[in-house]
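So the chains spell out like this:
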Amino acid sequence: MADDLVTILADLKEKEALEIVQNRLAAGDDPLGILDDARRAMETVGKRFENSEYFIPDLVYSGEILKEITDLVKPKLTKAAEVKRLGKVIIGTVSGDIHDIGKNIVTFMLDVNGFEVYDLGVDVPPQQFVDKIRETDSNVVGLSGFLTLAFDSMKETIEAIKAAGLRDEVKVMIGGGQMNEDIKKYTGADAYGANAMAGVSLAKQWIGGG
Amino acid sequence: MDKTEEKLEEWCSAQGIQFKDDEAEDAYRKRTRRLADAIQLKVPDRVPIAPLVTFFAANYVGLSPEEAMYDHDKAYAAYKQTALDFQWDTAFSHMIAFSARWLEAFDYKQLKWPGHGVPSNRTYQFVEGEYMKADEYDAFLEDPSDFLIRTYLPRISGTLAPLQMLPPIRMVLPYYLGLMFMFGVAGAMGTASALESLVKAIAEFAKFSASTAAFGQEMAGLGFPSIFGGMTQAPFDTIGDSLRGTQGIMLDMYRQPDKLQQALDLILRDAIQMGVISASISPSPTVFIPLHKGPMGFMSIEQFKTFYWPTLHKLMLALIDEGLVPMPFIEADYTDRLEIISDIPRGKAIYWFERSDIFKAKEVLGDRVCIKGNVPSALLCTGSPEEVKAYCKKLIDVVGKGGGLIVDGDIGIADEAKPENVRAMTDFVKEYGVYR
Numbered sequence: 001m002a003d004d005l006v007t008i009l010a011d012l013k014e015k016e017a018l019e020i021v022q023n024r025l026a027a028g029d030d031p032l033g034i035l036d037d038a039r040r041a042m043e044t045v046g047k048r049f050e051n052s053e054y055f056i057p058d059l060v061y062s063g064e065i066l067k068e069i070t071d072l073v074k075p076k077l078t079k080a081a082e083v084k085r086l087g088k089v090i091i092g093t094v095s096g097d098i099h100d101i102g103k104n105i106v107t108f109m110l111d112v113n114g115f116e117v118y119d120l121g122v123d124v125p126p127q128q129f130v131d132k133i134r135e136t137d138s139n140v141v142g143l144s145g146f147l148t149l150a151f152d153s154m155k156e157t158i159e160a161i162k163a164a165g166l167r168d169e170v171k172v173m174i175g176g177g178q179m180n181e182d183i184k185k186y187t188g189a190d191a192y193g194a195n196a197m198a199g200v201s202l203a204k205q206w207i208g209g210g
Numbered sequence: 001m002d003k004t005e006e007k008l009e010e011w012c013s014a015q016g017i018q019f020k021d022d023e024a025e026d027a028y029r030k031r032t033r034r035l036a037d038a039i040q041l042k043v044p045d046r047v048p049i050a051p052l053v054t055f056f057a058a059n060y061v062g063l064s065p066e067e068a069m070y071d072h073d074k075a076y077a078a079y080k081q082t083a084l085d086f087q088w089d090t091a092f093s094h095m096i097a098f099s100a101r102w103l104e105a106f107d108y109k110q111l112k113w114p115g116h117g118v119p120s121n122r123t124y125q126f127v128e129g130e131y132m133k134a135d136e137y138d139a140f141l142e143d144p145s146d147f148l149i150r151t152y153l154p155r156i157s158g159t160l161a162p163l164q165m166l167p168p169i170r171m172v173l174p175y176y177l178g179l180m181f182m183f184g185v186a187g188a189m190g191t192a193s194a195l196e197s198l199v200k201a202i203a204e205f206a207k208f209s210a211s212t213a214a215f216g217q218e219m220a221g222l223g224f225p226s227i228f229g230g231m232t233q234a235p236f237d238t239i240g241d242s243l244r245g246t247q248g249i250m251l252d253m254y255r256q257p258d259k260l261q262q263a264l265d266l267i268l269r270d271a272i273q274m275g276v277i278s279a280s281i282s283p284s285p286t287v288f289i290p291l292h293k294g295p296m297g298f299m300s301i302e303q304f305k306t307f308y309w310p311t312l313h314k315l316m317l318a319l320i321d322e323g324l325v326p327m328p329f330i331e332a333d334y335t336d337r338l339e340i341i342s343d344i345p346r347g348k349a350i351y352w353f354e355r356s357d358i359f360k361a362k363e364v365l366g367d368r369v370c371i372k373g374n375v376p377s378a379l380l381c382t383g384s385p386e387e388v389k390a391y392c393k394k395l396i397d398v399v400g401k402g403g404g405l406i407v408d409g410d411i412g413i414a415d416e417a418k419p420e421n422v423r424a425m426t427d428f429v430k431e432y433g434v435y436r
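Just so you know, the sequences run in chain order E and F.
With the first letter of the first sequence counted as 1, position 40 gets the number 40 in the working numbering; the numbers rise by one all the way through.
With the first letter of the second sequence counted as 1, position 118 gets the number 118 in the working numbering; the numbers rise by one all the way through.
One or more of the hints may lead you astray.
[To be verified] Below, simulated EDC-like cross-link-like pairs (lysine to aspartate or glutamate); rule was C-alpha separation at most 16 Å, straight line:
(1) K74(E) <-> D30(E)
(2) K305(F) <-> D336(F)
(3) K112(F) <-> D100(E)
(4) K185(E) <-> D152(E)
(5) K155(E) <-> E416(F)
(6) K418(F) <-> D152(E)
(7) K305(F) <-> D258(F)
(8) K393(F) <-> D427(F)
(9) K185(E) <-> E387(F)
These aren't lab readings, by the way, just hints derived from the structure by calculation.
Full structure from sequences and hints, please.
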């Protein structure tokens, strides 16, 4: 039974997955168990993405199905689901840039891979990253940018983190649009990630748990 | 002579251009010939360099993006000075700066521009949204024009919002005074303000297009053709960018693939017309097609073959049938789908690559299409002139071998490119790119 949901959700069979969830809830199954199965399925989705069996549309679709499952399960939850988180990651699209598709995908992948993600949104001023690092004690910061103006915004953000005396506390990864290894050097970041799974791998490498 | 050759010869003949002097005329002919040869995979006298200029031109002369979007004369002067200083094979107009007043007239929602959502020193940016909901395919498919007028326009324009109050547009027909009723109702519903905004937008657009047309004429007269003719989009991008949004269209591929296919087929017809009509008012026979949602990562090869490529392929073939030269701007990375897009008649298109492996592209596509690109923005913005030259050397040695290369930046000349790097790229291509 449990394996069914894991397999079927990982295979992106929306109708079947929702049916199983409804049946299990009707049969009085533990809602937390259902969520745990869903989480395991999402791990498989992430692995398939990593292996280039799945692509961004598959991630988006799996995210939608997961949302529907959570909506079904939530009313039945008697206590809040306790999720053990691997660590905290701050993410945002840097100042001047309002693009968010790539950032949202990285956020989603970090989330389903067990990280607590603080998504600051788009056009985020350097100071806001600094404040969030102080507030949350996160060890990883992800800077996203699509436009070439983001080169300098990223550089300024990392300089602001440095000026605040926090540079040694965090690892910084960059990604999106025109970013590459040259821009990693230019901005002073610790790493460049070419896709969402690269972001997850870096976070795991830096925080542990992978 | 086939149709493409005819059109290109017409372009090279420079008919109707008032040249400043014989030198300018000679330069114009040489430049169009160079481009026409590269497009047709003949060996030109040297590798052409024909960049899209973005807001680099504004930055280069110290004009803020805001000024460039509000003051057409200043924008004109900036793009002219840039073209004259760098002496590329083509001039690129201030068309890219748009008209902020035109956007204002519509209270346009699909862009944020300086003073309207982004600061004055930033360029405009596209705002994606779900401007057509998942359950609105039927309404769109049944009567696209009605859907666009009464549902889509009110969502992408604040001033056109009252159009949503109109009765279906076809109601002008079933009764003999239908027109009177239609706009009688329209007046009562407050649509007069929407129509007034249209009048204002038309006036603003007229000023803008007069300015860009004058630019084209003056620069041609000085010896600089434009490589940008018409423009259109891949049907999948039209639905993804303008109607459903990235997330929406990705879900549609799973949840309602048939409806998506029907909409793609419907939009194909309009995409062809858009390319043909826009190219007909330009001397250059190229049709610019920016590609957004089909690269590696964004969809699997299967999805690409099913949803993205078929209508793009038909669009390009239809344009080629008209003698036009499709110029898809292949954004992001297509390295794993180069074989698929190589299915195109020889010497009739320009493929402009951004982040694909352009050297692999030469192997796979070199005998089919002219390749444009792709000096990385990262280099132009943060590298040194020496690094830029080294990249251009490899580009010319490998991709330029035997012709079929037009040099440009990966996304054109990026806004923040360093002038000394752009200079290095330009001078190097002109020196080293000569075919001997």
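So, going through the hints one by one against the coordinates:
1. K74(E) <-> D30(E): holds (11 Å)
2. K305(F) <-> D336(F): holds (12 Å)
3. K112(F) <-> D100(E): holds (14 Å)
4. K185(E) <-> D152(E): holds (12 Å)
5. K155(E) <-> E416(F): holds (14 Å)
6. K418(F) <-> D152(E): The hint holds at about 13 Å.
7. K305(F) <-> D258(F): holds (15 Å)
8. K393(F) <-> D427(F): It holds: about 12 Å lies between the C-alpha atoms, which stays within 16 Å.
9. K185(E) <-> E387(F): It holds: about 15 Å lies between the C-alpha atoms, which stays within 16 Å.
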